[in-house]
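These protein sequence lines are chains A and B, in that order.
Under my numbering, think of the first position of the first sequence as 30, with each following residue one higher.
Under my numbering, think of the first position of the second sequence as -7, with each following residue one higher.
Honestly, the hints are just simulated from the structure, not real lab data.
Be a bit skeptical, because a hint or two may be false.
Claimed, not checked - Distance condition first, Cα-Cα at most 20 Å in a straight line; then the derived PhoX-like pairs of lysine-lysine:
#1 K36(A) to K73(A)
#2 K31(A) to K66(B)
#3 K38(A) to K69(A)
#4 K97(A) to K66(B)
#5 K76(B) to K97(A)
#6 K73(A) to K63(A)
#7 K97(A) to K104(B)
#8 K31(A) to K69(A)
#9 K36(A) to K62(A)
#10 K63(B) to K104(B)
#11 K73(A) to K31(A)
#12 K76(B) to K104(B)
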Amino acid sequence: FKTAVVKAKINNVLKEELSNMFYNPEEIPYVTKKIAEAIKTRVKECAFDRYKLVVQVVIGEQRGEGVKMAARCFWDADTDNFAQAVYMNESLFCVAAAFGCYYY
Amino acid sequence: MLLSRAASIPIAIPLVVVTGAGLRVTMDEFQSGEEAVENTIGGNAYQHNKVNQWTSTVVEHCLNQLTKLAKPFKYIVTCVIMQKNGAGLHTASSCFWDNSVDGSCTVRWENKTMYCIVSIFGLGV
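Next comes chain A alone, as it looks inside the complex (with noise of 0.2 Å):
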């Protein structure tokens, strides 16, 4: 599971699909789903065969306050891994997380 490329891919995704986006409380719901899913389309793309992948991806208004994300896994340290990418604009903020696990 290459991380620097899925890392590319999801920064091409987020910013397309943000940048020109505002927060707006009714869109963003579909907006994140959106993203998820344009996010697991394009590693899927990029043929990880017998690879699950798990997409997450956070979406906030930016109003100055604190925001802390975490993650562990439990998993095989050889054959998984995975990547992340945050993006920023003046009115919201995106964390985009993307695993990928082995299947025996």
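Guided by the hints, dock chain B onto chain A, whose structure is given.
Below, chain B alone, put in the same frame as chain A:
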């Protein structure tokens, strides 16, 4: 949703979302997550300098308890802690897996000063 304004008692409002037909991810995982959060940040108010430590601790405790369950699963645990300031937060996840063996659950916890969302993904081996 019941939200009490009692002085110092943290209110846990667990929201379980168990997705997929992953019936092998059950209430056990959910309870591990919930306990981990309660024990770590149970009665505390949001403190910027401690949040780092709290998120790590919550996730580690959660993972430790999950591994004690000794199920044939690989786990991914993520935790988001956010200060309550009136801003909105949305989380979505999209997964490519086998619905019959894999599943996820999400624990949502809040107190007067912060929100904590813990997502647990279990992938069968």
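Checked hints:
1. K36(A) to K73(A): This hinted pair holds, its Cα atoms lying about 13 Å apart.
2. K31(A) to K66(B): holds (19 Å)
3. K38(A) to K69(A): holds (10 Å)
4. K97(A) to K66(B): violated (24 Å)
5. K76(B) to K97(A): Holds, because 13 Å separates the two Cα atoms, which is no more than 20 Å.
6. K73(A) to K63(A): holds (15 Å)
7. K97(A) to K104(B): Holds, at roughly 17 Å.
8. K31(A) to K69(A): Given that 20 Å is the threshold and the Cα spacing comes to 15 Å, the pair holds.
9. K36(A) to K62(A): holds (18 Å)
10. K63(B) to K104(B): violated (35 Å)
11. K73(A) to K31(A): Given pair K73(A), K31(A) holds - Cα atoms ~12 Å apart, limit 20 Å.
12. K76(B) to K104(B): holds (8 Å)
Violated hints for the displayed structure, listed by number in ascending order: 4 and 10.
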